[in-house]
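Student: Residue numbers (my numbering), protein chains in the order written: chain B, 1 to 387; chain U, 1 to 432.
Incorrect hints may have been included.
Claimed, not checked - Simulated restraints on C-beta separations:
(1) B:Gly354 x U:Glu10: 58 to 66 Å
(2) B:Asp135 x U:Glu195: 31 to 39 Å
(3) B:Lys348 x U:Asn104: 13 to 21 Å
(4) U:Lys17 x B:Gly367: 52 to 60 Å
(5) B:Ala72 x U:Thr158: 30 to 38 Å
(6) B:Ala352 x U:Ala21: 36 to 44 Å
(7) B:Lys123 x U:Glu413: 40 to 48 Å
(8) U:Arg70 x B:Ala72: 33 to 41 Å
(9) B:Asp13 x U:Arg380: 29 to 37 Å
(10) B:Lys348 x U:Ile105: 17 to 25 Å
Hints are computed from structural coordinates only; laboratory data are not their basis. The beta carbon of each residue, even a glycine, is placed where N, CA and C say it ideally should be.
Listed here are the chains, written in short residue letters.
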Amino acid sequence: MRSLDEILSYTKDLAFDLNFKEAKKWKAENKGRVLVGYLPIYFPREIVHAMDGLGVGIMGAGDRKQIIKGDAYYQSYICHLPRGIMEMALDPNLEDFDGFIFPAICDCVRNLSGMFKLIKKGKFQRYFDYPQNFDAFIGGEFYRQELYKIIEDIKKINGANLTDQKLNIAITLYNKNRRMIEEIYNIRQQYPWRLSAVETYHIVRAGLSTTVENHNHILEEVLVHINEERGEPMDNIRVVISGSFCEQPPIGLIKSIEMAGCYIVDDDFILGSRWFESDVDENTEDPLGALVEAFLTKSTFASCVSDLGNPKGKRLVELVKRRNADGVIFSAASFCDPALLDRPELQKECEAAGIPHINFQYHENTGQFKVIKEQAGTFSDSIKLWA
Amino acid sequence: MAEIKEAIKENSMVIQKDMLAGLFKELSTAQETGKKVVYTFVPGNLTELILSFDMLPVYPEINALQSGMRKKSAAYIREAEKIGFSEDVCTYVKCDIGMMLTGNIGPTGEKLPPPDLLLLSYTGCFTFLKWFENLEKLYPGVPVAMLHTPYQEDGKITSDQIEYMVKQLKDDVIPKMEKVSGKKFDMKRLSKMMENSAKAEDLLVKVLESAKHKPSPIDAYFAGVYYIGPIFTAFRGTEAAVNYYTELYNEVQERIRLGLGPITPEGELKEEKFRLVVEGPPNWTNFREFWKIFYDMGAVIVASSYTKVGGVYDLGFRHDPDEPLESLAKYCMGCYTNMNLPQRVNLLADYVKEYQADGFLINSIKSCNSFSAGQLMIMREIEQRAQVPVGFIESDLVDPRYFSYANIKNRLESYFQMLGQRKVIMAQEATI
Ligand code: SF4
Ligand code: SF4
Numbered sequence: 001m002r003s004l005d006e007i008l009s010y011t012k013d014l015a016f017d018l019n020f021k022e023a024k025k026w027k028a029e030n031k032g033r034v035l036v037g038y039l040p041i042y043f044p045r046e047i048v049h050a051m052d053g054l055g056v057g058i059m060g061a062g063d064r065k066q067i068i069k070g071d072a073y074y075q076s077y078i079c080h081l082p083r084g085i086m087e088m089a090l091d092p093n094l095e096d097f098d099g100f101i102f103p104a105i106c107d108c109v110r111n112l113s114g115m116f117k118l119i120k121k122g123k124f125q126r127y128f129d130y131p132q133n134f135d136a137f138i139g140g141e142f143y144r145q146e147l148y149k150i151i152e153d154i155k156k157i158n159g160a161n162l163t164d165q166k167l168n169i170a171i172t173l174y175n176k177n178r179r180m181i182e183e184i185y186n187i188r189q190q191y192p193w194r195l196s197a198v199e200t201y202h203i204v205r206a207g208l209s210t211t212v213e214n215h216n217h218i219l220e221e222v223l224v225h226i227n228e229e230r231g232e233p234m235d236n237i238r239v240v241i242s243g244s245f246c247e248q249p250p251i252g253l254i255k256s257i258e259m260a261g262c263y264i265v266d267d268d269f270i271l272g273s274r275w276f277e278s279d280v281d282e283n284t285e286d287p288l289g290a291l292v293e294a295f296l297t298k299s300t301f302a303s304c305v306s307d308l309g310n311p312k313g314k315r316l317v318e319l320v321k322r323r324n325a326d327g328v329i330f331s332a333a334s335f336c337d338p339a340l341l342d343r344p345e346l347q348k349e350c351e352a353a354g355i356p357h358i359n360f361q362y363h364e365n366t367g368q369f370k371v372i373k374e375q376a377g378t379f380s381d382s383i384k385l386w387a
Numbered sequence: 001m002a003e004i005k006e007a008i009k010e011n012s013m014v015i016q017k018d019m020l021a022g023l024f025k026e027l028s029t030a031q032e033t034g035k036k037v038v039y040t041f042v043p044g045n046l047t048e049l050i051l052s053f054d055m056l057p058v059y060p061e062i063n064a065l066q067s068g069m070r071k072k073s074a075a076y077i078r079e080a081e082k083i084g085f086s087e088d089v090c091t092y093v094k095c096d097i098g099m100m101l102t103g104n105i106g107p108t109g110e111k112l113p114p115p116d117l118l119l120l121s122y123t124g125c126f127t128f129l130k131w132f133e134n135l136e137k138l139y140p141g142v143p144v145a146m147l148h149t150p151y152q153e154d155g156k157i158t159s160d161q162i163e164y165m166v167k168q169l170k171d172d173v174i175p176k177m178e179k180v181s182g183k184k185f186d187m188k189r190l191s192k193m194m195e196n197s198a199k200a201e202d203l204l205v206k207v208l209e210s211a212k213h214k215p216s217p218i219d220a221y222f223a224g225v226y227y228i229g230p231i232f233t234a235f236r237g238t239e240a241a242v243n244y245y246t247e248l249y250n251e252v253q254e255r256i257r258l259g260l261g262p263i264t265p266e267g268e269l270k271e272e273k274f275r276l277v278v279e280g281p282p283n284w285t286n287f288r289e290f291w292k293i294f295y296d297m298g299a300v301i302v303a304s305s306y307t308k309v310g311g312v313y314d315l316g317f318r319h320d321p322d323e324p325l326e327s328l329a330k331y332c333m334g335c336y337t338n339m340n341l342p343q344r345v346n347l348l349a350d351y352v353k354e355y356q357a358d359g360f361l362i363n364s365i366k367s368c369n370s371f372s373a374g375q376l377m378i379m380r381e382i383e384q385r386a387q388v389p390v391g392f393i394e395s396d397l398v399d400p401r402y403f404s405y406a407n408i409k410n411r412l413e414s415y416f417q418m419l420g421q422r423k424v425i426m427a428q429e430a431t432i
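Chain U with its partners taken away, still in its complex shape:
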C-alpha cells in the first residue's frame, strides 16, 4: 500500500472545508433552530429553490462518499446488507441506509437531522427512485416531492419536456416546499439567486477549462471532485459560492501565470507527463492512494465526466434569472447522466481533442449501472474517434471490498507505459 502523507492545502480548499463544516453545523442544530431539512440528490439538484425557502439541503451521495473517505462505509454497507440489501446493488444506497440505521451520524461526526421533506429530483439514474422509495419507508410520514426528469433520449431537450417539469414544480414540488417551510414561494428571490448561480457557473467553467493549458493548473477529476465541485452543489445561488469560485479562479490564474501544475495532496505536480480524460466516478474508500498512483506517474486528469453529473456547464447552460423554473428544468435535464450515450461519446471525444489529452481512461464502478452500463462501448467509440490509447480499470465507489490497489496499480502502470512509448514514437515521427 502507498504511504499517505499529510495533505497540502490551498486557500480555496480551506474555505471549502469551512463552508461545508458550517453547513453540517447548521444541520446538526436544525432541530433546535427550527430550520427545515430537505434530503435530495446531486444530479438535477434544486439547490436554489431549497435555499429560497431557507431550508437546508442534505445530499445522501455526499454523505456516502464522505463516509467512504472516512473509512466508515464498509460497516454501513454491512448494516444494509443485514436487512436484506443484495451485494450487487448500488453501494451509495447501502452506505446511506446503513448510516441511517446506525444513528445518522454525518461526515463531521455530528448527527444529521431527519428530513422534513424528501425531494426526489430523479435525474439520470433510475436507482434514485428506488433509493427514495426506501427512504420513504424509513421516514414514514415525511412528505415526498417527486420531480421526474425526462431523459435526453433524442439528444435534445424539448419544449414538452420542459413543460412537464415546470408543471411538476408548480403543482407538486413548490406547494410541498411551501407547506413544509411555512413560507410562500418567492420567484424574485429565486431569480436573484440564479444571478449568483450564473456567475458561479461562469467561474466554474473557467476553472475547469483552465486545464486546457499546458501544464494544466488543476486536476479536473481528483481535485474536481475533492474541492472544485462540492461547493457547487450545496451553495449554488449564494454569494458565498460566487466568492469561493472567485477565489479559486484567481488561484488558478496565478498558477497559470507561474506555469505551475496542479496541486496534489503532496504539493505541486512537478512534471506533467500525461494528460488524461477520465470517465466514471472515482473510488472514495482509497481516494488518496488512488490519486497518488496518478500523480506519482505524472498523470493529470484534464477533463472528466464525473464532475459533470451536477451539470454540464461547459456546454453553455446557465441558470437564467429571467425564467427560473424553466431553467431549473433545463438544468436537470442537462446533467451528464441524463444525456444519451451518443451525446456522452461526443462530449468525451471532444474533451480528448480540446484538452489535448494523451489518453482516455474509464474507472468502471461495480455497483453503478448508470455509469457502467455501456462504458465498454463508449471506450471503443472514443478509441476509434479520438485515436488515443484507452485504458480500463474497475473499482467501487464506497465498498472497499472492490478496491484492489495492486490490481489497479498494475493496470495503470502498464497503461502509462503504453502512453509513454506512444509519445516517444510520435516524437520520433514528428522529427522525420
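Next up, chain B with everything else stripped away, as it sits in the complex:
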C-alpha cells in the first residue's frame, strides 16, 4: 500500500492535469475505448463505463492555464468557467476526447454546447437535459430518452452494446465510489484534521480523470490511512461551503478558508461525484431504470434541479445539522446566476435556523485571498466568541 503522502502527491497532480494524460493513456491501451468529457454538475458515468468508455469530468481550467483565446469568446460579465473550457477546446488539451456532455446547469453551459457544435469539437456534443418533473412516467421517461441519446452517440463511435450485466457492474463500482467518498466526509466530520479540505478536494477531483476502478483503489487506501490518527486538532470552527458546484474555487481559496480557522466539513465542490444520497439499485433487471429512478428520488439538492416541494434551504439546514457545523460559507463564482439566485433564500433559511453565514464571490483564477481570509477569520472568531 502506498503511503498517504504518495497518494496525496499523485492525486494532486491527477486532479489538475488539464491534459488528462492518464485518461488518454487508458484509451490508447485498447481499441474501441472512448473518452467522454462532461461538464459540471452531474452525469451518470456508469453508462459510459458500461460501453467501454471513460467519463471524464471537465471542471474548467481554474488558475492553471492562461486564458487568451477563450476570453475572445466571452464578455467580461460571464463567469470564468466556459472561457477556460473554450481555451482547452481550442488548444490540444481535449484532443482524443470522443464526445462531450453538457449537463443542464445553466444557460452558459447550454450555449457552450452549441459553441462546441459550431467548432465541431469531438464526434458528438450533447446538451444533457435533467427532467424537472419527477414522476416516473413523465420525467422518468424523458430522462430515459436523454440517456438513450448518449448510448446511441457512443455506440456510433465504438459499436459497443449496452448490456444489463455491464451496466450493473458499473453501477456497483460507482456506488462503491460514492460510498467511500461519503465515508471520507464522515471521518472528516469527526476528525477534520486528519485530511485537510484541500487534500480531500484533490482526492475527490482526481476521480474525474481516471477509471473508477483506480479511484476506488485510491479511496480504499486513503480510508485505511485516515482511520488512524493524523495531524493535530485545532481550535477551528466547522463550516459547510455552498454555491461552488460548477466553476471551482481556486485551491488557494479553499486553503485560505481553512487557514483562517474553518474546517470545511461539507461542500458542493465536486457535487456530481456525490450526487446520490443512497445507492443506485444494484443487480436489477433494468439497470437503466435504476439510474433513472435514482435521479428522480435520490438526488442531492442542487441548483440545477427544481426544488418545488422539497426546498433546498431546508435541505442545506439539515446538512449543516447532520455535519454538526457551526456555520455556512456561501461561496459562489461571480456571475453565476444559479448559485447567486439561490443564495438569498438559502441565507434566509439559515437565519431562521440560527445558523451564521457569510458570503463571497470568486473567479476560478482569483489570485488574491487576503480579503477572503480576513472575512473567514472574522467569521471564525465571532462564532468562537459567541459559542
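Since the structure of chain B is already known, use the hints to place chain U with the ligands on it.
Tutor: Then chain U with the ligands, alone, in the frame of chain B:
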C-alpha cells in the same frame, strides 16, 4: 443626453395601449371580480390555455420592462439587492422581486393582484426556474405548475419531447388550472382559440416580413418590442388580437403603398440609410434615447431575435386547432432562446440575407446569460457567413447603472460610419 420629444402614435399603438390598459384594469380588480390570476413567462407562454380557463395572465418580464421604461426599476433592483440578490444576476428577476417587495404596483400605477397559480413554463432560460423558486417562497401556499420545455439540443423537436410536454400538460398543468379556476378543461374552447392564434400569427409574420421592402415600413426591433409584439403575448387566441393585427397589417400595407419608412417616436423616418439585423434584448431604462440614436442616423432594424423570444413564427410554426396540446408543446420548444446556437446562427445569417441588411449588430445584455453567453461566437459566425460588418454594444435590460449613453452613441456612430464607407465603396465597385 438626447432631447426626448412627445411620441407620435399610429392607430395600432393607441389600440394596443388601450388593450393593455384594459388588462391591467382587469387585473387590478381581479380580487373583487373573483378572476383568477396566473403568473407566467413570455417565452413558451400558454396564453390560450390560461384564457380558456378565464384566468388572467401576468408576465413578470413585461412588468419589469415597463418598470424600466417608467424609471422605476433602479429602486426595485436596489430593494432586491438589499435582501441579498447579487449585483451580477438577471435584473428582470431583481426588478420583479423588488416590485413585489414594495407593494406590487404594476406599470399603470394600479396594484397587481397576487398569483393564484404560478405557471412556470420554463423555456429557453434557466433563470426562469430560479425566478419561480424565489416567487414560490414569496407567495407561500400558491400552487406551482411546472412545464419543463426540453431544449432543441439537436436542432429539432422530437416526438418524445412533445410527448413529455403533453404529459406534463395533462398530468400537472391542466389539473392545477382546473383546481385553481374551478372550471373543467375545455379542449374545444382551446382549439377554437387556436384558430384565432393561427390567424394572428399569419398577420404577425406578414407585418414582420414587411421589413423586406425597401424602405422598410416598420422597425422590427424597437417598434417590434414596443407595439408589434406585446399584444401577441397577452392576447393570443382572442378575437381582439386578430383585430389588432389586422389593423396593424393594414397600416403597414398602406405605408408600403405610400413608400413610407417606419414610424418613430418623432414621426416618419425620412431616409432609410442603413438596414440592420439586431441580436439581443433592448435596453428599457433609456429606450427612447437608445432608439433615437438609430433613427437619427437613418438606421432601421429590419429583423431582430428579441421579437422571436415569444415564438419564431416566420419559420412556419402555427398553433394548430387540430392538436392543441401538441402544438402548445411545439410552440414552447420553438421559441428563439430554446434554439441551439447553430440554429440561431443560421436564422440570423438568413435574416441578413433575406432582409438585405447592411450590417449585424449585437446589443449584449450584462445580466442575461441566456442571450449573452455565446454572442461573440454568433458575431464571428455571422461576419464570416453573411459578409457584413458586425457591431457590438453593451447595456442592460432594466438596470440603468449599465446604460452608458455616451459610450453606446460613440460606438454606434463609428459603426454607422463604417457602414457608410462600405456602401460608398460597394457603389463604386458596382460602377466599375
Ligand atoms: S459557474 Fe454558474 S453561470 Fe458559470 S457555467 Fe457554471 S453554473 Fe453556469
Ligand atoms: S436571463 Fe435573460 S432570458 Fe432569462 S429571465 Fe433574465 S432577461 Fe430573461
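Student: With reference to the structure, classify each hint as holding or not holding.
Tutor: Going down the list of hints, with the structure as the test:
1. B:Gly354 x U:Glu10: 58 to 66 Å: holds (60 Å)
2. B:Asp135 x U:Glu195: 31 to 39 Å: holds (32 Å)
3. B:Lys348 x U:Asn104: 13 to 21 Å: Holds, at about 20 Å.
4. U:Lys17 x B:Gly367: 52 to 60 Å: Distance hint for U:Lys17, B:Gly367 holds at roughly 54 Å.
5. B:Ala72 x U:Thr158: 30 to 38 Å: holds (34 Å)
6. B:Ala352 x U:Ala21: 36 to 44 Å: holds (41 Å)
7. B:Lys123 x U:Glu413: 40 to 48 Å: holds (46 Å)
8. U:Arg70 x B:Ala72: 33 to 41 Å: holds (38 Å)
9. B:Asp13 x U:Arg380: 29 to 37 Å: Since the Cβ atoms of B:Asp13 and U:Arg380 sit about 36 Å apart, the hinted range of 29 to 37 Å holds.
10. B:Lys348 x U:Ile105: 17 to 25 Å: holds (24 Å)
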